[in-house]
Every structure is written in structure tokens, then in C-alpha cells.
Amino acid sequence: MKKYSFIVSALMIVVVLLSAAVPAFAAPDVVTLGFLAPITGACSAEGSAARNAFMMAIDEANASGEYPYTINVIVIDDQSDPTVGAAGAQKIVSDPTVVAATGHWNSGVAAATSPVFMENEIPFLIWGAIREDLTSEKTYPWVTRSAPTDVQENKPLAKTVIDDLGYTKIFMVSTTDSYGSGNTVAFKKELASRGLEPVGVEEVQSETVDFNAIVTKIVSSGAEAVYWGGVNTEGVYLKEQLYNAKADVLFFGISGIKTDDFLIIGKEAAEGTFAVQPGVRLDSSEAGRKFIEDYESRGFDVAINAYTPYAYEAATILLQALKTLGDDPTPEKMVDAIAKGTFHGVMGETTFDEIGQTTLVAVNLNVIQDGQWVYYEDSEYASGVRKFGGKE
Amino acid sequence: MSNIILQVENLSTSYGRIPMLMGVNMSVHKGSVCTVLGPNGAGKSTLVKAILGLVRADKGKIIFMDQDVTHVPSHKRISSGIHVASPATGTFPKMTVETNLRLGAYNVDDKNILEQRLEEVFHSFPILKNRLQQKAGTLSGGERTMLSISKAIINDTKILILDEPSLGLAPIIVEEVFRFLKKLHDERELTIMLVEQNINKALSISNFGYVLQKGQIIYEGDTSVLQDSDILKNPVM
Amino acid sequence: MNFFTSLVFSAILLGCTYTLVAIGYCLFFGVLDVVVFCSGDIAIFGAFSIISAYVMLYDLGLFQVLPIAVTTMIILAVAALLCALLSILTYRVSIKPFERSSALMPLLSTIALGTVIREFLGLLFRPLLMTITGPITRVADPINITSGRNPQAMPKLIAPNSSIDVRNYIIIAVTFLIILLLFLFLNKTKMGLSMQAISQNKELAYMNGINVRKTINITFVIGGIMLAIGGFLLGSYQSVVRFDTGSLYGSKGFSAAVVGGLKSIWGAIIGGMLLGFVEVFVSGLIPGGTQYQNIIAFLVVIVFIVFKPEGILGEKVIEKV
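Residue numbers (this note's numbering), protein chains in the order written: chain A, 45 to 436; chain B, 31 to 267; chain C, 2 to 322.
Just so you know, not all the hints are guaranteed correct.
Stated by the list, open to error - Straight-line alpha carbon distances no greater than 20 Å define the calculated SDA-like cross-link-like pairs of lysine to any residue that follow:
1. Lys189/C with Thr126/B
2. Lys189/C with Pro123/B
3. Lys203/C with Thr129/B
Rather than coming from a laboratory, the hints here were simulated on the basis of the structure.
Only a predicted model underlies this, so the values are computations on that prediction, with no experimental measurement involved.
Kindly produce the complete structure, drawing on both the sequences and the hints.
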């Protein structure tokens, strides 16, 4: 017993010393930001590229000497798991030097961590989770989002595929997770607003690998196009199996499949896949080209994908908000600086609306041609040399 | 080589923390028939398993043919000539008679020798030959006893340990089994260790006997002496 | 192919993939009475071994020189060897130390080992492969190695120049050939019979002089090889493998084995096919039914556990492993 009481009292002394020490070190020297992403787990490619881009922006800011303090980042790997994410959020809010946080590629994780940040009054900017209900009157102004929602993405996608390309017989397949079901609802709404009905709707559990029964159904339904409302992880299996069954359809989806990892199924199987990607074309602006160049010059082992510029954009927004607050930023000041500010980044000009949702909704259209993602406008599909499936 | 084929020296075993055998000493002479008698739960099965190496010895030694085998793995003890026939549990009921015999002769590698021994077995138990493709589980109690004994003796058996061969058999079958054992002993000069509850039958064919009770040998002696001993009149027996 | 035959065909193929994993469960459960939960992960490890061996052969330039049948055999041999090693490791690390503890311990430790195998593939597959072969871009043409956590393309080794249907027929045929070989092994060889003996009565197997320890080790080697071939076939069928699907195949294979009685290979085939048919037909025939396919498949399993806990072929079967 004696031994233990010694250890306990020693621990208590350490705790007292530490808690006394922390405020003394705080405010002026270090300002901390929280960053959350799935660095391991099923969505690690997206998460680690985002982490790389975010840290790139912070490193540049620290090196620029424009900030009177060092900007420190607590990086949390949420593993695409809401409980892991919530625990990480707790870790961030318990650090007294934290003034703001940004996070998540998975909507389910963002839904779990937003309340933590709100309760602790830390402004929270969502960079990559796109389910519509994550930003609302209830969460404003503590939660803001610089990425367009799934609804915002589905609108231009529906416009292109239905109105411009003229597809009307569409079969919808999505995952049952929050990302997939959000898309199902959003795209059905787009169809309904044009007086259309999907020729079939199937929802699969995430991690599904066998779509052959659905493929058989799609072929027999006479569908001209297949809408995939999920991410690349399951999407590649569906596309491969559609190809194997020689299904003559257009395969299209939102940004969840716009990643180079979709190309693994090979040139022939992936050909003609159509996807929207949020944001402006990076190569159309000076800032965008510089971002691509900087990222590639660092030799990261994961390539830029759809949301990587958004993580960079989130860093830009937080950094520009910090700059407006001089040498003493606090969470209370940051929340207004973010929600009411105007920011200029690689994507263009960002402001937030009355529920904290970005007003910058730009998408670009992409298609896989010869085993590469190319911008639709530059492709042989736009020029009429090649034809999408499902059409004469 | 001494005249003793199997010797157990001061053997103690336990199951978890419960002692099962406490300092058992016994020896089986070459060419003899030795009986171990004892009531249910006396430790007879444990003794058999310890000799085979299926139960670890906490203390003591097991010496087989002048070799200390206390720490030898059981499959090696068996291939060196200790074979057990246990009519109650000695057959695989879901396998055919043929497969059972093949598994019994697991360590016989020479095909010709195996054929020859099978012939001997069929000579003794012609019924088995007719039932080769039948599942062991469909055999009668007597046939199963014969199969389990056959499985043991188609090896180069140096000592045959019989674990309760009369268990659950009709008296007339018991008679037949013991007649066969006697013949086996007489013809092949096979050493037999008989573990039994059926006192009269056991003593009728054996030379020497041990009485095991609560994990200890409480009596040992020639069968002629043992037969008249008071110890067997004890109601627990 | 019309709608119905196409569904039947899909169901048989899916059933084959489940069966191959289920047989792994049966073999291991047979000799040890232990559920080796990482069986599915060993199969996926096999699929990744095949990708690695393929990339290495390609890198060495052998693939371009040798006929595809020879290279496929080399690749399969490498994968079989690696899976056999992993399988033995599974036994040594997560089963043998718990021999005298409750059956729950090896169950938990093999679940944990399954996670280790998955994460190993997800985190280290690509970097390890790259240290051996150098930058993967050199083999960019036939196969694309992405980061390990994303779906990986499986090399097209089975009838690469024929139609998909031909490939699928071969997959079904090979699955049944493997099962036939396993059946012959179990019933015609001494080692196979010893495995069955241990499965039916371990103590008696000891008493018959069977080297039980050696037999268990060999069972794990054979199980590993079986699972390697299973990984090859299911990877070839899907054309794509993902590091984390081992748990999915593990739970489906386990369910198939439970439905079939856990110790019987014929039961495993029936169980695997039953799951395949239930899943495909629920998804294919009910509009919007796909989201319920797993629920209904597992309901079938639960019904079996409640009403026929010994499995379809539980007690009556002869071909016990």
C-alpha cells in the first residue's frame, strides 16, 4: 500500500505542476488548430491526401513569418469511425490553446464530432463531409462547411446527365451509409422535379463486393444509365461487374468515385465513367496550378483527389480568419471571423450563408478516357468522337 | 533385458488440483497376464492414460522395456509396442470397420505385414471380414469389442492393455472374449494388462493382480492368493 | 443468358466463394474444435500474395517469357506457400498457447489476428512490395497497384483471352475439383483418415498411435493452401480485392460452415450454396431488396442454429473432416 500511495502522490504533484504550467505557456506563443481525417481505415487515401494538403498550407504560413505565433496542429486520425472521431474531438477541445478545428471526410463522423465542438464552443469547419443536414440553424455559427453538400453536387450532375445528355431511364444504386442514403434522397428529388422516376433503386451495405444480382436486374430493367451514390470502395466492384456483364449503360456518380483508385479495374472496364467533382477546375487558375505543383513537388505517396483542394481551402480559410484577429486569437473571436468572413483560396471566393454552408458551389465534370480521368469538356465524349453507353 | 516389460514407479498424476493417482508402483512381467482391479473412480482409466502418455505424470516414472518413457510423446510409446483396446470407446463409430483397422495399424508401414496380420485377425474373428464396409457404429457390442481388440493386436504389440473388455456385454459374449484373450496369450505369448471390474473373469485368466482404490494400490499379489483375499469381499468392490 | 439463369449462375459463383472459405473453417474445426475466425483473412492474404508474386514475376521479366500456365503455377505455388506459413503461424501464435483454456480464447485471439492480417495488408502491402520491386510504375500496364487500403486489381490469370463466362465456368470447375481432391485426400490417405479420426475422437486418435500434433500442423498447412486457392478464385471472380474483405468472407464462410454442421465438407458446400442463393435471389427478385440480403441470409443462419443446431448434415454424415 505504501508504494502505491507514493506513486499516487507523485502523480498528483505532476498533475498540479502541469495544470499550473499550461496557462503560463499559452496564448501568445502557440495557437493550435485541430485537424481530423481518416488517415487509416477504408477512406485513408482521401484522408491522408487531405492531411498532406492541410499541413502544407500550415507549414507555408509558419514559414512566412506573417503570424506573431507558431501555428500548431493536432492531427486526429478518425479512421472513418464516429466513436474514434468523437474521442479525437475530445482530445482537441481539451487543449486550451485550440482556437478552431476542421475535419472529416465521412458525414457520419462529422455528425458525431460537431456536438463536441459546439458544447465546448470551438468553431468547427467541415472540409469534406457532404451530407446536407450537417449544417443547419441549430449548428450555426459554430459549425460551418466549405465543401458543397451532396445535394449541391447532385444538382449539376442531374442537369448534365438528364437535361444535357438526355438520359431518362436511370437505375440508382447507393450504399446504405449516411453518404449513400443522402445521395439517394437528393438524386431522387432531382428526378422527381423533372417528372421522372428511377427504373430501379437498390441500396447495398458498405463493404459489399458482389453486385452480380443487381447487375442482372439492371440489364433486365432496360436502364440506360446507372447512378452510383457511393464511394469508390464499392463503386469499382459495381463498374467491373457491369462491364463483365456487357451492360450497355452510362455509369455516373458524384465525387466519391472521382479518384485515381477507380482506375485499377483497367482501361476497358473503367472507360466512360462519368463523375462530377466539386470545386472549379484547378488548372484554370493561377492559384490552382500552384497548388498542384506544390503538392506534387513534395513527393507524397497519395495523389491529389477530389477533396484534397478542399482541405487546403479549409486551411486557407482558418489562416485568413486568424490573420484578421491580430496577435490574440480566441475561439470566441474565431467563430465570427469564420462565419462572417470572405476568403480567397484555390477554389475562388468563399462566404458562408445563414446556416454556415458555403456559397461557393462550383463543380467540374470528369470522364474516364483511356484509363485516365479527363475533364469532360476536353474529352472525346464532348467532341462526339466517343459515345457514352446506353445511347444509340 | 530384464523380465519386467512395464514398470510404474511411484507414479502420481492429478486432474487440475484433484489428485488422481498417488504414488502407484506396479510391474508387469513379460509374457504374464496382469490384472488391475478396482471400483469406479479408483483411477484405473487414469493409470492407463498415464502409461500411454495421455495424462502427464506429476511425479514418478514409467519404464517400458528398460527405457524411461515418462517424457516420451504418446505416439512414440504406442509405436514402440504399448497398445490399448477399449471396447467402450475404442472404435470410430462413423467409420467403416476397414478404416478402423487401418487407423489401428497406424504405425505399421509394411503392407505385406499388415495384410498378414489382417488375415490372422480375420481368422480369429471371421465376422469382421464380412463387415469390412459396415460402419463400426452399426456393429453389436460383442463385434465392437472384437474390433477394438483387433485394432490393438494388428500391431507389433509388446503389451496389450485391455480397458474393461467386459463392460456392457452379455455374459455369453464376455465368455467368448475371455476365451479369445486366453488363446491370444497362449499362442502369441502376449503380455496382457487387464483393467477390469469383473473380478471373477479377470482373475480366471491372470497370474498377478493389483487392487487400486482412491488412486492407490492397496493390494498386490498372485491371483491364487488374491482370489481368497478378504479385500475382494469388501462391498465397494 | 436470360434473367433467371443469370441469377442462378451468379448464385453458384457466390456460393463457391463462400464454400471455399467455409471448408477452411471445417478443416480447422475438425481437428481442434476451434473456430479459426481469421480464415477469410488468410484467403484474402492469399489473393494479395498472388498480386505480389505476379508483380515480381513481371518485374523480373519472366512473365513475358514463360507461358501463362507456367507463371500461373509459380504464382499459385508462392501464394500457397505464404498462406501455409501464415496458417501455421495462426496455429502457433493464436491457438496453441490457449490449448488448455476455454474455447473462447482462441476464438478471440483469431479474431484479433484477423485484424492484424487486414491491417498488415492495408498498411504494409504496397510499401513492402515496393521495397522488393522498386517503383510499381514499371508494371503499370498490366496491373495498377494503388495504395493498399483501396481496392486492388487482381491479375487476370484464368483464361485471360476468353470471355468472362468461360472464366466463370473455370472458377466453378476448379472449386469442385478442389473439393473432390480434398475429399479423396481425407478418405484415401492415411493423413486424411487421421484428420477424420482426430475430428471424431481425439483421445482415441492418440490411443491409436496417431501423431496428433503433426497431424494438426499438417491440417493447418493444407487449410492454408486451400485458402490460398480460395483467395485466388474469389479474387479472380471479383477481378478486384480489398484488404478488409477478409472479415466479410470470414463471417459468410463461418455462417456457411455452421449451416452445414461445422465438421462436414458436404455441409459446407450446401451451406455456402444456400447463402449464395439466398443473397442473390433476395437481391435479384425483390425490388429494392438488396439492402435486406444480409439480414435475410443471417436470418437463415439463425433459423438453422435454433432448429437444427447440428447443421444440415450434422450427425448423419460420413465424410467428417
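Status of the hints after comparison with the structure:
1. Lys189/C with Thr126/B: With a Cα-Cα distance of about 13 Å, the restraint between lysine 189/C and threonine 126/B holds, given a limit of 20 Å.
2. Lys189/C with Pro123/B: holds, 18 Å
3. Lys203/C with Thr129/B: holds, 16 Å
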